[in-house]
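Enquirer: Letter by letter, the chains look like this.
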Amino acid sequence: NAGVTQTPKFRVLKTGQSMTLLCAQDMNHEYMYWYRQDPGMGLRLIHYSVGEGTTAKGEVPDGYNVSRLKKQNFLLGLESAAPSQTSVYFCASSYSFTGQGTHVSNQPQHFGDGTRLSIL
Amino acid sequence: AQSVTQLGSHVSVSEGALVLLRCNYSSSVPPYLFWYVQYPNQGLQLLLKYTTGATLVKGINGFEAEFKKSETSFHLTKPSAHMSDAAEYFCAVSKRGSSNTGKLIFGQGTTLQVKP
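From first to last, the protein sequence lines stand for chains A and B. Under the working numbering, read the first sequence as residues 1 to 120, first letter to last. Under the working numbering, read the second sequence as residues 1001 to 1116, first letter to last.
Keep in mind that the hints are not guaranteed to be accurate.
Said to hold, decoys possible - Simulated crosslink set (DSSO-like; lysine-lysine; CA at most 30 Å straight-line): (1) 1115/B - 70/A; (2) 1115/B - 1095/B; (3) 1069/B - 1058/B; (4) 1095/B - 1049/B; (5) 70/A - 9/A; (6) 1115/B - 57/A; (7) 1069/B - 71/A; (8) 57/A - 1058/B; (9) 1058/B - 1103/B; (10) 1069/B - 1103/B; (11) 9/A - 71/A; (12) 1058/B - 1068/B; (13) 1095/B - 57/A; (14) 1103/B - 71/A; (15) 70/A - 1103/B; (16) 1095/B - 1069/B; (17) 9/A - 1103/B; (18) 1049/B - 9/A; (19) 1115/B - 1058/B; (20) 1115/B - 1049/B; (21) 57/A - 14/A; (22) 1049/B - 1068/B; (23) 1058/B - 1095/B; (24) 57/A - 70/A; (25) 71/A - 57/A; (26) 1049/B - 1069/B; (27) 9/A - 57/A; (28) 1049/B - 1103/B; (29) 1068/B - 1103/B; (30) 1049/B - 71/A.
Said to hold, decoys possible - Facing chain A, according to a computed beta carbon distance under 7 Å, are these residues of chain B, among others: (31) 1043; (32) 1044; (33) 1094; (34) 1101; (35) 1106; (36) 1107; (37) 1108; (38) 1110.
It is worth saying that the hints were derived from the structure and are not from the lab. The structure presented is a predicted model; accordingly, all values stated were derived computationally and were not measured. Just so you know, even glycine gets a beta-carbon here, dropped at the ideal spot from N, CA and C.
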């Protein structure tokens, strides 16, 4: 059971280039999230998805786009990379209904190992 | 709006000493509360969570945390630090309510150093 897998693990881009980060989960979770982690700022939510075919903006969505065409995959795209997007990106997934009283808000999120992205 | 404050970006303890990592939240309604740990070059792992019931919550690796509503706090403790506890620790909150989408608000993180 792999859990949450992120690809690639490392990437260096030049300003203006585009790329897509892939997140895949094998836990049949409904909800998926993309965060960025910057020193001294914790993790901040970029975009999230509450189910296949749905996406929504988080706290810091500018410069990013996402898609969730399949339940198990959540893609994060950078259309025109900027140095301010240098960060570590984490994907997380959550929530399978396990009975009465189960809500996504009280379920833990399962994280991938991150993608370290540098933009020159 | 909800917010989370972790007091102290770096905490250093000796092996065998008490670990205390502080977390305070700001919310009109007590949220669900989580502690996550991040080892170098890895993702976050859940240590423990408080949802309802007993306010002292036990987690993995000997950690525990106590929810104190009057102090809006959820401090993480471990009686005796081990070298393997060296990591970054994040406190996070999630808004209660069945319509919530599970979004987490994270604190800034506290790096725990354990000295031999």
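Enquirer: Next step is simple, just say for each hint if it's right about the structure.
Expert: Checked hints:
Pair hint residue 1115/B plus residue 70/A does not hold up; C-alpha atoms about 46 Å apart against a cutoff of 30 Å. Proximity of residue 1115/B to residue 1095/B is assessed by CA-CA distance (about 37 Å); at most 30 Å being required, the pair is judged violated. With a C-alpha separation of about 18 Å, the suggested pairing of residue 1069/B with residue 1058/B holds against the 30 Å cut-off. A distance of roughly 13 Å separates the Cα atoms of residue 1095/B and residue 1049/B; the hinted pair therefore holds under the 30 Å criterion.
A C-alpha spacing of about 21 Å is found between residue 70/A and residue 9/A, which places the hinted pair at or below 30 Å, so the restraint holds. Taken as a hint, the residue 1115/B and residue 57/A pair is broken in the structure, with Cα atoms around 42 Å apart against an allowance of 30 Å. A hinted pair counts as satisfied when its Cα atoms are at most 30 Å apart, and residue 1069/B with residue 71/A does not qualify at roughly 37 Å. For the suggested pair residue 57/A and residue 1058/B, the alpha carbons sit about 34 Å apart, so the restraint of at most 30 Å is broken.
For the suggested pair residue 1058/B and residue 1103/B, the alpha carbons sit about 23 Å apart, so the restraint of at most 30 Å is met. As the CA atoms of residue 1069/B and residue 1103/B are separated by approximately 21 Å, the hinted pair is consistent with the 30 Å bound. In summary, the hint linking residue 9/A to residue 71/A is supported, as the alpha carbons are separated by about 22 Å, within the 30 Å threshold. Distance check on the hinted pair: residue 1058/B and residue 1068/B sit about 15 Å apart at the alpha-carbon level, within 30 Å; holds.
Of the supplied pair hints, the one linking residue 1095/B and residue 57/A holds, its CA atoms being roughly 17 Å apart against a limit of 30 Å. Distance check on the hinted pair: residue 1103/B and residue 71/A sit about 18 Å apart at the alpha-carbon level, within 30 Å; holds. With a C-alpha separation of about 21 Å, the suggested pairing of residue 70/A with residue 1103/B holds against the 30 Å cut-off. Taking the CA atoms of residue 1095/B and residue 1069/B, the gap is about 15 Å. The hint holds against a cut of 30 Å.
With a CA separation close to 24 Å, the supplied pair residue 9/A and residue 1103/B stays within the 30 Å bound. For a cut-off of 30 Å, the pair hint linking residue 1049/B to residue 9/A stands: about 29 Å separates their Cα positions. Between residue 1115/B and residue 1058/B the CA atoms are separated by roughly 24 Å; this keeps the pair inside 30 Å, and the hint holds. Using a Cα cut-off of 30 Å, the hinted pair residue 1115/B and residue 1049/B holds, with the two alpha carbons roughly 27 Å apart.
Between residue 57/A and residue 14/A the CA atoms are separated by roughly 25 Å; this keeps the pair inside 30 Å, and the hint holds. For the proposed pair residue 1049/B and residue 1068/B, the alpha carbon gap of about 14 Å is at most 30 Å, so the pair holds. Our distance criterion of 30 Å between C-alpha atoms is met by residue 1058/B and residue 1095/B, whose separation comes to about 21 Å. Taking the CA atoms of residue 57/A and residue 70/A, the gap is near 18 Å; set against the 30 Å cutoff, the hint holds.
Of the pairs offered as hints, the one joining residue 71/A and residue 57/A holds, with about 18 Å between alpha carbons and a cut-off of 30 Å not exceeded. With a C-alpha separation of about 15 Å, the suggested pair residue 1049/B and residue 1069/B falls inside the 30 Å cut-off, and the hint holds. With a CA separation close to 24 Å, the supplied pair residue 9/A and residue 57/A stays within the 30 Å bound. Among the hinted pairs, residue 1049/B with residue 1103/B is consistent with the structure: their alpha-carbon atoms are about 15 Å apart, no more than 30 Å.
For the given pair, residue 1068/B sits about 22 Å from residue 1103/B by alpha-carbon distance, which is consistent with the 30 Å threshold. Taking the CA atoms of residue 1049/B and residue 71/A, the gap is about 26 Å. The hint holds against a cut of 30 Å. Among the interface hints, the one on residue 1043/B holds; its C-beta lies about 3 Å from the nearest C-beta in chain A, closer than the 7 Å criterion. A hinted interface residue such as residue 1044/B counts as satisfied when its beta carbon comes closer than 7 Å to some beta carbon of chain A; here the least separation is about 4 Å, so the hint holds.
At a threshold of 7 Å, the smallest CB-CB gap from residue 1094/B to chain A is about 4 Å, leaving the interface hint in force. A hinted interface residue such as residue 1101/B counts as satisfied when its beta carbon comes closer than 7 Å to some beta carbon of chain A; here the least separation is about 6 Å, so the hint holds. Proximity of residue 1106/B to chain A holds as hinted, the smallest CB-CB distance being about 4 Å (cut-off 7 Å). At its closest, the beta carbon of residue 1107/B sits 6 Å from a beta carbon of chain A; the interface hint therefore holds under the 7 Å criterion.
For residue 1108/B, the interface hint holds, the least distance from its beta-carbon to any beta-carbon of chain A being 5 Å, beneath 7 Å. Annotation: interface hint on residue 1110/B violated; nearest CB of chain A at approximately 10 Å, more than 7 Å.
In terms of the numbered hints stated before, the structure departs from hints 1, 2, 6, 7, 8 and 38, listed from lowest to highest.
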